[in-house]
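If you read the protein sequences in the order shown, they are chains A and B. First residue of the first sequence: 1, per our numbering; consecutive thereafter. First residue of the second sequence: 413, per our numbering; consecutive thereafter.
Think of the hints as simulated: they come from the structure by calculation, not from any bench. Glycine included, each C-beta is placed from N, C-alpha and C at the ideal position. One or more of the hints may lead you astray.
Computed from the model, here is a short list of chain B residues facing chain A with C-beta under 7 Å [claimed, not checked]:
#1 Tyr432
#2 Ile441
#3 Leu994
#4 Arg997
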Amino acid sequence: MTLMLYIACVLMGWLNVYAAVYSPESQTSLFDMSTNAGKQLMWIGTTVLLIIAILVINYRFWDTFAFVIYGLTILSLLLVLVAGSNVNGSRSWFKFGAFSIQPAEFAKLGTALALARYIDYPGVNLNKLKDQLWCAGIIALPAVLIIASNETGSMLVFASFIIMLYREGLPGIYPLIGIVVVTLFILTLIVPKLYLFIAILALGGITFFLTPHYQRSVQNVLAIVVSAVAMIAIVAGVDFFVNDVLQPHQQNRIRVLINPAADPLGAGWNVTQAKIAIGSGRMSGKGFLEGTQTKFDFVPEQSTDFIFCTIGEEHGFVGSLIVVGLFVMLLCRIVLLAEKQRTRFARVYGYAVAGIIFFHVMINIGMTIGLMPVIGIPLPFFSYGGSSLWSFSILLFIFLKLDSRRVGMFTR
Amino acid sequence: MIENRKYIIISVFCLIGLVYLSRLFYLQILDDSYSLESSSNSIKRVIEIPYRGQIYDRNGKLIVFNTPVYDLYVTPKKVYIPDTAAFCRLMNLERTEFDSIMANAKAYSPVKPSLFLRQLSKEDFARIQDALVDYRGFEHVTSSMRTYPAHTMANAVGYVSEVSKKQLDEQETPYYRQGDYIGQSGLEKQYESVLRGRRGIKFVMQNVRGVVKGSWKNGAFDTLAVAGANLYTGIDVEIQQYADTLMQNKVGSVVAIEPATGQILCMVSAPTYDPNILSSRYFSKNYAKLARNPYKPLINRPVSASYRPGSTFKLIQAVIALQDGVISPASAFSHAGVPMKCHGHPGGIHLDGAVQYSCNPYFYHVFRRMLYNNEERNTFVASARGLEDWHERVSKFGIGQKLGVDLPSELKGNLPGADYYDKIYGEKRWKFSTIYSLSIGEGELLINPLKMANVAAIMANRGWFYTPHLVSGIGKPGQGIDPKYLEKHEVGIDAKHFEPVVEGMQMAVEHGTVMGLARIPGIVMCGKTGTSQNRKGDDHSIFVAFAPRENPKIAIAVFVENGKWGGSAAAPVASLIIERYLKRRVDNKRLDEYIKSKSFLPVIEPPQKPAPPKKPEPPKDTARKPMIVRSQPRPVLRTEPQPLNPKPGQTSGN
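Generate the whole structure from the sequences, applying the supplied hints.
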């Protein structure tokens, strides 16, 4: 079942990469090695080899060598800072001839394994601050290294582990704080700050008065006051954060999200063109290879980050529905499988995989339809690129291998 | 408790999926603005300009056609030139010119083609094309240029040029775009809508840099360009060219009409120019030169110049008087007491003799009888009523109104009526003795050469005419023209009243006001001279005629400005054209040489003081022609016109 979903995704991705690079004047073959589509086929081939390898390797291997793999990825992240080639201002690629590999993609795998391994230790309780800190540390180390190599987008993916941690007993307050912070951040950009201050104070006041008398302990009141002050501080800090911490292109991406019409030919170009491409697909799309927006370079990065535009334009709402549906089904399937795992390691790992895929899909599709800021991360299994295809496949198939032990398939 | 968190997580997944799907639903299904934007984004309309219609003469000879020319375009990014010096030699360019063209092209766009050289001739292009295989980044676009193989009829055909800003702004339905060509005068303007054809529209797909990527939907929505319709005219190019040579070194007009159909056989406006100079890439330079020329070659004189008809007008006076019964062919009048002089002629002449010798006193009496041909006692009232009747009768000859020829810029001229004089002198303050100069075609009358040619056609037809027109067929010969040109107009005079006048016209040619040499051996030509008084210089010479007398084939009007007498300048021109048309050759070589050698180009010193008026001052200038100043285009021989064969009885119209 999962395997079928996976194959469907990869094949659709491949065809759409072909459509994205297809040009009516030079009718390249689907298998032409000089185009992205041809290369993608090669990546798919090597991925199959990898998958076979994974299925052959004893499941114990991942459990046992989780920290070793983590260590290797950290090492490669360090190495790429020194020896990587510079692509678009970020030093995060190893080049091997015509092909490039991005270690950041594999860092997710290493981190997922390491977290699973750590949480699998008997007695680890995510309600305890010490274990929380350990987990945060495991996540933060690669994240910091990735920021150092200027790939902020990939770093954000590490936030997806919060889904897994939440499942494993991380107090609900953490994701809640995260959601509140993000909400406040966006609100600050849209609504004048003064209104937000008033609203926060009002909210604090209401919470205080709604609290029954017998619960108005010093502790609770203090909590309200502290959270109100913290919120105000966040709101006040947004400007500083946007203007001084983010780089100019990142600032633009956030502004464009709020108001894409502000600069349709400049910073808003990608988003506007992506929306035009998807919007022009209507119900059933323009047909395979018939897309005009994506094919004629109106949408940049069409075979990688903006691959969803090709789907939306050429296959319309039906195609988009199928793709979104596939991902939702895949995610639910992984979560349900993870729940059935007998070992905590396998379950934690499954949730981590689901979280990573979910985060990628949410950001990637979200940015093409104008719901998320433009963050350069690929759409799992669809986007052109060996690193991402490899890493997602490895992620998924390790989980399938772990799962197979449960049902007794592929065991040795 | 914690077990249940999986449901929360799954519902978050599904929720996000639903949010995204609804957003997609909105973008793709509900909001069609994105879809529209996509078409304008990547689908580009390319306009195909059709061939403009060609223009033929009555014998199928080409007057105007299109020559293919080649515009060379360059795409800077693709350019590969191994040896720039050799390339510049090939293109006939200086290195600096080449550099500046390339710099402009690069500035416009490195990937889109920009104009490199325009309007290369077929010969130039053939030479370049062979060598172009060594270079890359150049491509050509075929376009066309109007070409006039007969080098004639510049004014009647008109010219084509880029549509002006004003025309762009004023067009009712937006058809033209910047850079389009449009007929600016003459037939090119009059028949613009049929000549231009229909533009084709091709939809092509382009990428983000505007580079064309092939046709859209395999051309399912493309419309093909439809070439413009050809025009078939009644012009006889041979006659036209011959008339051009006769009119060299003269200012004036020749209009010849086929009386039976109203088709114009030739239409000369002198001085003229080679129409080809206005279709080349040197249009603006040449146009400016023509516009500065003091002889105003850009005015189409046959329709846009105004003269007083002079004695040629007596033809109309005579037939109207006969129809009204105020005279008979045998009427005779005394010269006594008439305030107009007459030139010597035998006494006791009748109407035909009066036409023959262009007797002014005779027509003084004729006009007087016409005005007083009513029962009013008061001479003022009687004159006003008489003039009104007269006005109505003369109008039927097309005088004082637009004939409706298929050319733009036709002038109405002037045919004064009672209202007109009421305004000048006041009601009942004028009578025959105030306006008698109308009787001999002077005074406030204004006509153009085309109208007088039409009068000649009316005389030839003995009382009817077809509206003169140039084009006799649109698309196919003899088809598609405005039905108004197929409608016969009667002038309200019985055919029998024309005979005595026609007799007089024949006598005028044979031994009357026309110089002897202007007779055509073997052809009976009927004509009437006229001398249009000109206060600014020598009088204008006018001649109207038709031939042969029975079953006429050609009616003609010739105007030679400053040609003095009708008989000595205009009549020989008309005679030669008629001979050439009817015999297809000219036997009268002496006259041919004589008239070609004559120059009547006015020599104008610094503006003169107006000469003291001899007659009741007309409110308008004698001729509305602009004052003409001498200038350079042709060597001007200032020779007095000398009648070759002076006869004792020769007189001029007035």
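Open item on the list: Checking each numbered hint in turn, tell me which of them this model violates, lowest number first.
Closed with: 3, 4
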